[in-house]
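There are 4 protein chains.
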Amino acid sequence: MTDPRAILLVRCPDRPGIIAAISGFLFRHGANIIDFDQHSTDDDGGVYFTRLEFQTGAIDLPLPDLERAFELDVARPFAMSWRLAQPGRRKQVAVLVSRHDHALLELLWNWRRGDLPADVSMVISNHPDLGGAVEGFGVPFFHVPNGREGRAAAEARMVELLDGKADLVVLARYMQIVSGAFVARFPERIINIHHSFLPAFVGADPYRQAYDRGVKIVGATAHYVTEVLDAGPIIEQDVGRVTHRDEVDDLKHLGRDLERRVLARAVRWHCEDRVIVHGNKTVVFS
Amino acid sequence: MTDPRAILLVRCPDRPGIIAAISGFLFRHGANIIDFDQHSTDDDGGVYFTRLEFQTGAIDLPLPDLERAFELDVARPFAMSWRLAQPGRRKQVAVLVSRHDHALLELLWNWRRGDLPADVSMVISNHPDLGGAVEGFGVPFFHVPNGREGRAAAEARMVELLDGKADLVVLARYMQIVSGAFVARFPERIINIHHSFLPAFVGADPYRQAYDRGVKIVGATAHYVTEVLDAGPIIEQDVGRVTHRDEVDDLKHLGRDLERRVLARAVRWHCEDRVIVHGNKTVVFS
Amino acid sequence: MTDPRAILLVRCPDRPGIIAAISGFLFRHGANIIDFDQHSTDDDGGVYFTRLEFQTGAIDLPLPDLERAFELDVARPFAMSWRLAQPGRRKQVAVLVSRHDHALLELLWNWRRGDLPADVSMVISNHPDLGGAVEGFGVPFFHVPNGREGRAAAEARMVELLDGKADLVVLARYMQIVSGAFVARFPERIINIHHSFLPAFVGADPYRQAYDRGVKIVGATAHYVTEVLDAGPIIEQDVGRVTHRDEVDDLKHLGRDLERRVLARAVRWHCEDRVIVHGNKTVVFS
Amino acid sequence: MTDPRAILLVRCPDRPGIIAAISGFLFRHGANIIDFDQHSTDDDGGVYFTRLEFQTGAIDLPLPDLERAFELDVARPFAMSWRLAQPGRRKQVAVLVSRHDHALLELLWNWRRGDLPADVSMVISNHPDLGGAVEGFGVPFFHVPNGREGRAAAEARMVELLDGKADLVVLARYMQIVSGAFVARFPERIINIHHSFLPAFVGADPYRQAYDRGVKIVGATAHYVTEVLDAGPIIEQDVGRVTHRDEVDDLKHLGRDLERRVLARAVRWHCEDRVIVHGNKTVVFS
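Residue numbers (this note's numbering), protein chains in the order written: chain A, 1388 to 1673; chain B, 1388 to 1673; chain C, 1388 to 1673; chain D, 1388 to 1673.
Source of the hints: derived by calculation from the structure; they are not laboratory data. It is possible that part of the hints are untrue.
Repeated chains share a single entry, so a pair holds when one copy, or any two copies, can fit it.
Calculated pairs, SDA-like style, for lysine to any residue (alpha carbon to alpha carbon, straight line, at most 20 angstroms) [stated by the list, open to error]:
#	residue 1	residue 2
1	K1552	V1570
2	K1552	P1527
3	K1478	R1500
4	K1552	F1573
5	K1639	T1428
6	K1639	W1656
7	K1639	E1659
The structure presented is a predicted model; accordingly, all values stated were derived computationally and were not measured.
I would like the entire structure built from these sequences, with the hints used as guidance.
Structure below.
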């Protein structure tokens, strides 16, 4: 994995010749494709998505020039929306958290163990409680109080802190609503985690509601944050089984376990540039 | 397993001495307990549930007298709601179905293979389509047209057919709403199956909605039917994973597979007297 | 799905330019790629696999000529092992079975419901028991006794029956060992299903052994049959959970359920030309 | 949960009257049963197991006297093997580890978060590497070199350290074989975790073997250590799915994730006195 690599992500209207155009372009310029995944929606006027990973060691142009050439030769004729990522440039991940530490700690542990291909640049919390734990990992911790009032000021402070240091913002059980303006600053770059149920329960204390209904399965959903609360494109979900023996606390315990695993997977996939957002859904190239 | 057995199901206010009273009673009368499962809700003023399976070969009273004695000696002092079931007396199961055959056929196949400890007494459908398939299993088939108009007449006809022949009514993708009056005739004895999603989707074509949202998990829920549509006590649920590659039809295909498995499990557990309903939830003694 | 399609399956030594060559060839000849999946092993001297599905409605050559052109223009220079399949030409599937009917019936039901993109051409059994059930599906049934002695004669008779009528042979709990000579007649075209355990148990009555060890998980494995018993390339596996409450019979019941689901998936994937064998493993393009 | 509680674990030959005897005894002495789980093996001359949790706030004897009375009144007549545990007395857990930290850290994190109802008394390793991480949790760390030679001395040193401080010894990827003598000092009190596969692979680098065979599922098994390597009674298992896209490293990554989850569950259940060993299997009262 020491050879330099690049990842090309493309979305465009589906029509014949796209694969030939992309693969021909890369071959002509000496790029060796090592992973090529693609997907098209079946609808009339379908949309084509692809993710290519290729070795750049033997390309005949500097990377910026290759990008310019790709834009002119391939992207424009096919009306592509595209970007090139370099796995060698690790993303900066900022984590927002309140008092629950399980999702945050899972990310920090994965990161320390080398299982998260990114760097955790900072942790911001509206409570001071987790400061010690975070600093034990050598990660800067900022306490920015937040609430219904003072949200604008809090978000202004956070934007200041995040500026240039957050390719991704992870809401790891951050129990505050973020404003549309904040979301707009990080489009498709904020990931949230929340519990999920079959069926869904609206309102306060959903674990109590799930318990009262006697559900047999609880779950967790990681998604990109959009202006519509908890309704953004889903990246990953997982579930666990429960029985009548499980109390509300057991459901919460299992829920925490699911949340940390699902969030960790979603963050890793984002950092590996495996996720393309399309409308309100995602294509996840695994 | 040829020794005669009985199953005792009990629900009562939780207080000390219940187990001692029940097990002492059975021991004194020569009943050998071979399975004993119990559960109490943790709430103050909790509720106690138990399911006992015992051998009746050596009891000192005829079973009806044992029941009378249990009522006087144990049930009344503890304010129990209880019933005695005999696994030797197979339940009669009637299936209501429309055009989709997957859930119905799973039940019939399980029944023919001896995996369903009950008898399928009849199949009723609002469409004639599945008559041949059902009769191939040697099971009576009745075509009772139904719809928004004529529901009362259709249900009257069904009640007539079911009378005395349905310890359980299974809605195996019966695409008609059943009236409160019909439900009231079979309290805690109608099981329905429907698809489930995380999150839930309300309205028409939920698989399309799930696809549009890009869910990663689809599910199915089997529940007892109450007057509130699709909101009765859940007996069993299960889920399967999907990806962006799955079209709406793939989701439906997986959904059908989940529905038939979940419904078959729920029906088997009901027929084995493993399920106690309490409020809007179930206790399932596995 | 009414437009004619073809599926191209390729395996070759990995080197730069393969994708460009294939996709360029198809584009030049008017074939519209609608699905393109690929995989390379990471080893030095890696192997490249791909499965392309393309529309053939607008190609500029008759399909046989396109195949010849592909061989000359693309396959030879890249030393490809390849074949072209046509989803419109349904495969013929022959099922071998003994007395257990669960895996067989699942295939027949899926087939009748249109969920198996193939035709069941015949069922052969070493016992007469399942003849009635099979003929109820309108499928020819042949009783060919088999055993340690007389194997050669039995297999000769089966080969005669299968000749020209079996693109795939499915051992759906066929409790006889098939000879190396029989396997050699259907290379990579015999699928078997068997139970699996963590850890594995060797010898008689593995469910009893699993029960005695108190395993918490049982499974099933579908694989291509090679000369080495039960050690051929795995196509699909699945598992289910058990507890100390499950008796040996419960384990067997769950095992049967897993077997029929796993086998049905493996057969469908094979019939959709999604599986490429490589050495002793498979690439399954889902 | 502030009311004092005790847990009674019993194993004895199955015969009529056991439940009546136990529950009658506890009722007479003012103990309020709040959880009662039981199991009998079905074999002729079956074995009966039970776990009762009861409140001790209102008992009419000091606990040691209650134990003496139970021995005389109930245990002897029924030839019971039994013990009484007190959830209020947290178990001391010692962890043995080598260089892999994932299973160890999961235990420490669960412990710090209050999800492990026990105390981690020490960590012993044959490598010094993890000393810093462990001490960061405020847990004593001991480096005791070990290897094929010097095993006796190393184990003697460990026994010295563990003496009186280890109700449970957890091998959290301790890559040394422990001697029969060491095992004999902690009967049914050493838990080990290891990878599992369907089918099993014997010999070096099982993940490579699993990859070469193309398995679709990998797993992990937690079990009590007996003199027979990796063949002791299984407490818990879990699995995850893989595809041909997963490299050996991906399998190992998933394997680590399964190992830490499975081990954490097994340790929690042991500490909650939910596990009874019987022969080479366990009864786990969930």
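The hints, checked one at a time:
1. In the homo-oligomer, the alpha carbons of K1552 and V1570 lie at most 20 angstroms apart inside one protomer (16 angstroms), although the nearest pairing across protomers, at 52 angstroms, exceeds that limit.
2. Taking CA atoms no more than 20 angstroms apart as the test, K1552 paired with P1527 passes inside one copy only; the shortest distance there is 12 angstroms, against 37 angstroms between copies.
3. Taking identical chains as interchangeable, the C-alpha atoms of K1478 and R1500 lie at most 20 angstroms apart only when both belong to the same chain, with a minimum of 16 angstroms there against 29 angstroms between chains.
4. For the identical chains of this complex, K1552 and F1573 are intra-copy neighbours only, at 12 angstroms inside a copy versus 52 angstroms across copies, given an alpha-carbon limit of 20 angstroms.
5. In this assembly of identical chains, the alpha carbons of K1639 and T1428 lie at most 20 angstroms apart only when taken from different copies (17 angstroms versus 37 angstroms within one copy).
6. For the homomeric pair K1639 and W1656, the shortest alpha-carbon distance between copies (18 angstroms) is at most 20 angstroms, but the shortest distance inside one copy (26 angstroms) is not.
7. Taking identical chains as interchangeable, the C-alpha atoms of K1639 and E1659 lie at most 20 angstroms apart only when they sit on different chains, with a minimum of 19 angstroms there against 30 angstroms within one chain.
Violation of the numbered hints given earlier is absent; every hint is satisfied by the structure.
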